[in-house]
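One letter stands for each residue in the lines below.
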Amino acid sequence: ALKGEERKSRSTKDSGGSSTLRLTGLLCLLFLVFFSRGFASHDVVSEKSSGTTQEDSRSQANSTAHKKTFPVLSFNYEHVRTPFEISLWILLALFMKLGFHIIPTVSHIVPESCLLIFVGLLVGGIIKATGEQPPILDSNLFFLYLLPPIILDAGYFLPMRPFTENIGTILMFAMVGTLWNVFFIGGMMYAVCQIDAAKLAHVDLLSCLLFGSIISAVDPVSVLAVFEEIHINELLHILVFGESLLNDAVTVVLYHLFKEFAHEQAITVTGAVLGVISFFVVSLGGVMVGVIYGIVGAFTSRFTSYSRVIEPLFVFLYSYMAYLSAEIFHLSGIMSLIACGVIMRPYVEANISHKSYTTVKYFLKMWSSVSDTLIFIFLGVSTVAGPHTWNWIFVIFTVIFCLVSRVLGVIGLTAFMNKFRIVKLTKKDQFIIAYGGLRGAIAFSLGFLLNNNEIKNLFLTAIITVIFFTVFVQGMTIRPLVELLAVKKKKESKESINEEIHTQFLDHLLTGIEDICGHYGHHHWKDKLNRFNKTYVKRWLIAGERSTEPQLISFYNKMELKQAMMMVESGSAAKLPTIVSTVSIRNVQAKGSPKPSRAISKSREEEIRRVLRANLQNTRQRLRSYSRYELLNDALEDDISEARFRKQKEMERRMSHYLTVPANRQETPPVRKVFFQQEHKVYTYDDSESPRGRASPSCADDVSELKETPEKPDQSSTPRANRDAELKPKEQDDQGDQLKVSRCLSDPGPNPEDDEDSTFLP
Amino acid sequence: MYNYKHYCKNLHKYIHIVDVCFFTVSQEQIKNLYQRFQQLSGNHEKISRDDLERIPALNNNPIRKQIITAFFDKRNQHQNDVGSLDEIGFEQFLMVMSHFRPVNSTATEEEKVTVRKQKLRFLFNMHDTDNDGIITLDEYRTVVEELLSQSGAIETEVARSIADAAMLEVASTNVPHMAPDDFYEGITFEHFEQILKGIEMESRMSIRFLDMNTATMRCGKLSS
Chain A
1 ALKGEERKSR STKDSGGSST LRLTGLLCLL FLVFFSRGFA SHDVVSEKSS GTTQEDSRSQ
61 ANSTAHKKTF PVLSFNYEHV RTPFEISLWI LLALFMKLGF HIIPTVSHIV PESCLLIFVG
121 LLVGGIIKAT GEQPPILDSN LFFLYLLPPI ILDAGYFLPM RPFTENIGTI LMFAMVGTLW
181 NVFFIGGMMY AVCQIDAAKL AHVDLLSCLL FGSIISAVDP VSVLAVFEEI HINELLHILV
241 FGESLLNDAV TVVLYHLFKE FAHEQAITVT GAVLGVISFF VVSLGGVMVG VIYGIVGAFT
301 SRFTSYSRVI EPLFVFLYSY MAYLSAEIFH LSGIMSLIAC GVIMRPYVEA NISHKSYTTV
361 KYFLKMWSSV SDTLIFIFLG VSTVAGPHTW NWIFVIFTVI FCLVSRVLGV IGLTAFMNKF
421 RIVKLTKKDQ FIIAYGGLRG AIAFSLGFLL NNNEIKNLFL TAIITVIFFT VFVQGMTIRP
481 LVELLAVKKK KESKESINEE IHTQFLDHLL TGIEDICGHY GHHHWKDKLN RFNKTYVKRW
541 LIAGERSTEP QLISFYNKME LKQAMMMVES GSAAKLPTIV STVSIRNVQA KGSPKPSRAI
601 SKSREEEIRR VLRANLQNTR QRLRSYSRYE LLNDALEDDI SEARFRKQKE MERRMSHYLT
661 VPANRQETPP VRKVFFQQEH KVYTYDDSES PRGRASPSCA DDVSELKETP EKPDQSSTPR
721 ANRDAELKPK EQDDQGDQLK VSRCLSDPGP NPEDDEDSTF LP
Chain B
1 MYNYKHYCKN LHKYIHIVDV CFFTVSQEQI KNLYQRFQQL SGNHEKISRD DLERIPALNN
61 NPIRKQIITA FFDKRNQHQN DVGSLDEIGF EQFLMVMSHF RPVNSTATEE EKVTVRKQKL
121 RFLFNMHDTD NDGIITLDEY RTVVEELLSQ SGAIETEVAR SIADAAMLEV ASTNVPHMAP
181 DDFYEGITFE HFEQILKGIE MESRMSIRFL DMNTATMRCG KLSS
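Residue numbers (UniProt numbering), protein chains in the order written: chain A, 1 to 762; chain B, 1 to 224.
In short, the hints are calculated from the structure, not lab data. Remember, it's a predicted structure, so these values are computed and weren't measured experimentally. The beta carbon of each residue, even a glycine, is placed where N, CA and C say it ideally should be. A hint or two may mislead.
A partial selection of chain A residues facing chain B, derived with a Cβ cut-off under 8 Å [as the list claims (entries may be wrong)]:
(1) Leu121
(2) Ala191
(3) Ser278
(4) Val423
(5) Glu495
(6) Ser496
(7) Asn498
(8) Thr503
(9) His508
(10) Leu509
(11) Leu510
(12) Cys517
(13) Gly518
(14) Pro550
(15) Leu552
(16) Ser554
In the DSS-like style, the derived pairs of lysine-lysine whose C-alpha atoms are separated by at most 25 Å in a straight line are [what the hints assert, rightly or not]:
(17) Lys365/A x Lys528/A
(18) Lys419/A x Lys31/B
(19) Lys65/B x Lys528/A
(20) Lys117/B x Lys424/A
Generate coordinates for the entire structure from the input sequences, incorporating the hints supplied.
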């Protein structure tokens, strides 16, 4: 590895002294420093210096020998420069991310975004120290490549229920709140500029308003970065985050409006009216573009069963196209992206395979993570790079007014919204919402797009200061403040089928009550939408049978699949999840049997359960063998569901046979005969895996139970209970038994059971 | 048009009913409900099941039977009575509706707990049809089957297994260590509370229509 680095550094030195190459060389140096934690650094430096002298002589040799010999080893850096540098930057970002998680102490105090900006400052400083111009966060790069993955990740996994429940509040904060911020900050900054001491008289009102429109929008990237680490409760998270996403429309409109009018020096009334109209066009147009792409994407996913590997690509490309298409018309790309993700998701998830779903999820997380890291690093680098015009008064007042306007806006809007909310926002909530209004890279990039004049640098400096202040000060202190104020944290949501059942039950109940009241409220319309979705939309966009599957069943299936996969993937019994409860389905199901025959039912139960367990073991082993072969990996998924269904059918067949035997007969032998015949059949089927050689004490218990004289057989409920018990792979009781079984299986030895068997058989 | 005189005469009684469980509803809301009641009953004193079943919007609701039954269930009248009524008057109607009142943000923790218990009790009564104090497996199965009844042809097996799984979940969370022979009778009210503690009942199970609105005061005096 060291030699490779050496060659790289040599090659970079050789091609001449352009800035970016030296940058990459320095980056390589940085990697080595961080990676090897300093012990090899002096080695590298000495190697580099020796390398330099070596390559000088080599280049001379090359130039003279060039005309005659065939170059065995040549290099052409220009050829790969751009992708090479991009890869190096991304690698740097990833190493930083790794580094912060390896060093635990720092990451508890300082949020990741701060550390990344700091690293960016360092790198920028290093580059500048060598006398080169560090790269600035190019707005094109930012808006076209770095921002979309983050927004798509956020939009695709947006928790719909809290979002729709709070949509009114979110829209209020996003639209009215941002408007208030813009005009307040713009107006106040204009007033500040009038102060003679500031020497800012050349900044006119429109420029101030433009500045206000850039600086007032809450940034989704920063909010995500900080809020993700503090694990705040769902309501506050969705309020701040939703606001940061939806205020894009306001920002876009106001920014373009003020930019257009900046050179006209005045806003006419028509201009204002057009601005309002433009706002609706931008936001609703953006959403519509997203919806169109979302529907097309969902429709496409209906047919992707023919080529499963490209499924994730459809999701990504349709969303990205939605974003770009919206940007063509200067519509809100962010809202388009969110709308596309939200619309597409339920249908696509019903259509694509489980693996594709995992791929989509992980790729989105991966891209958004890299983007996020790169953005913060570049922000740091750009700070060092950009020309700055520092004006104490302007900057300080900007920071103050940003805070003040945010607080006032939140308080005012909450007071208004609380009249309409069922769950009111408390003072604590308001504080967190106000404090969570972080600014970020979007503000910087918008500022960067301004026309070049002396005001631009002034604005940029102020913007950067505000960003730094919010990310560093507010980002670092929000976590202790959340602890101090004892704000509700995110509760660990365990998927519970009971909660799902009751959520649906409540929905229907409340809709019914609203109908009885004659009140067309929230639930009524939601119910109408759901019914519309079910009857029309799902039929078109979801392939096959899943289009008519009710939500409860798909939830249940998902849960079962997850449990089944967990079981299969865990493979050996040793890795079974800890059994926290010994309750099995048998405890739950109705045992109609009267007490006296309990003894019998137990033995019968044990027999049946052993039989079924063995069969289950068989299935599991088969599945396990499949998973060893990569080629047949796809079969694994089908196997799981297939195994489940096969088991079910088999149990049903067997039990129906058992159940057809009249239950109330007093003559035990015929009944026994039937029963054990059946069992025997099963044993031969399971011959290879049958529980032979059970020498352990637990197995002895089972054997002893067999010895009990069978009396009147149990009611139908018990075997059914057992059948049900074996049907569900997630049965914890079964897992415990399987532990026993596998232990039994591993012991070779005498098999007392077979002897028992033979005596009973006729 | 409703019987204004009759309404005003009994207004204090109605407010008291709704007030009895820390709810306060504005007179405006009571008036609206009274109007609706008159509409449903055809201007009679009482409404019967048929009156409720005639509401067209309820036809699409998979659990309409349970909802209608809940209105006529004596247990929801806070009087320790059991059984079901054939007809209900406005007072009983209001009593049932009061279960869906959102809780004031000014309520204390105790009040919130009481309100939550009441709402859960209402739900519990809806499931526990034979009033033995527990929701047995069969009753729970009925619930799930009803929920899925409107979704086309669902095999009863699927509904059964969902109900079984849910019951198992309740048992494992509440009674984690059962011997293999123990039988879990059914979901008691305490267990019911336990499994649903993740859902914020106070806010979830409420209709915005009954929101407190210190609006106009109409006929007569009323302590806020």
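Each hint tested on the structure:
Here the hint on leucine 121/A is broken, as its CB sits about 44 Å from the closest CB of chain B, past 8 Å. Taken as an interface hint, alanine 191/A does not check out: its beta carbon lies about 38 Å from the nearest beta carbon of chain B, beyond 8 Å. A distance limit of 8 Å between C-beta atoms decides the matter here; for serine 278/A the minimum to chain B is near 34 Å, and the interface restraint is violated. The beta carbon of valine 423/A is positioned within 8 Å of a beta carbon in chain B (closest approach about 5 Å), and the interface hint is therefore held.
Because the closest C-beta pair between glutamate 495/A and chain B is about 10 Å apart, greater than 8 Å, the hint is violated. For serine 496/A, the interface hint holds, the least distance from its beta-carbon to any beta-carbon of chain B being 6 Å, beneath 8 Å. Interface restraint check for asparagine 498/A: the shortest CB-CB distance to chain B comes to about 5 Å, inside 8 Å, so the restraint holds. For threonine 503/A, the interface hint holds, the least distance from its beta-carbon to any beta-carbon of chain B being 7 Å, beneath 8 Å.
Checking histidine 508/A against chain B by beta carbon gives a least distance of about 5 Å; that is within 8 Å, so the hint holds. With 8 Å as the threshold, the beta carbon of leucine 509/A comes within range of chain B, its nearest partner Cβ sitting at about 6 Å, so the hint holds. Below 8 Å, beta-carbon pairs count as interface contacts, and leucine 510/A has one with chain B at about 6 Å; its hint therefore holds. The interface hint given for cysteine 517/A is met, as the beta carbon of that residue sits about 6 Å from the closest beta carbon of chain B, less than 8 Å.
Look at glycine 518/A: its Cβ gets to within about 5 Å of chain B, closer than 8 Å, so that hint holds up. For proline 550/A, the interface hint holds, since its Cβ comes within 8 Å of a Cβ in chain B; the closest pair sits about 4 Å apart. Because the beta carbon of leucine 552/A sits about 6 Å from the nearest beta carbon in chain B, less than 8 Å, this interface hint is met. At its closest, the beta carbon of serine 554/A sits 11 Å from a beta carbon of chain B; the interface hint therefore is violated under the 8 Å criterion.
Using a Cα cut-off of 25 Å, the hinted pair lysine 365/A and lysine 528/A is violated, with the two alpha carbons roughly 34 Å apart. For the given pair, lysine 419/A sits about 21 Å from lysine 31/B by alpha-carbon distance, which is consistent with the 25 Å threshold. This hinted pair checks out: lysine 65/B and lysine 528/A have alpha carbons roughly 20 Å apart, not beyond 25 Å. A hinted pair counts as satisfied when its Cα atoms are at most 25 Å apart, and lysine 117/B with lysine 424/A qualifies at roughly 21 Å.
Against the hints set out earlier in the document, violations occur for numbers 1, 2, 3, 5, 16, 17.
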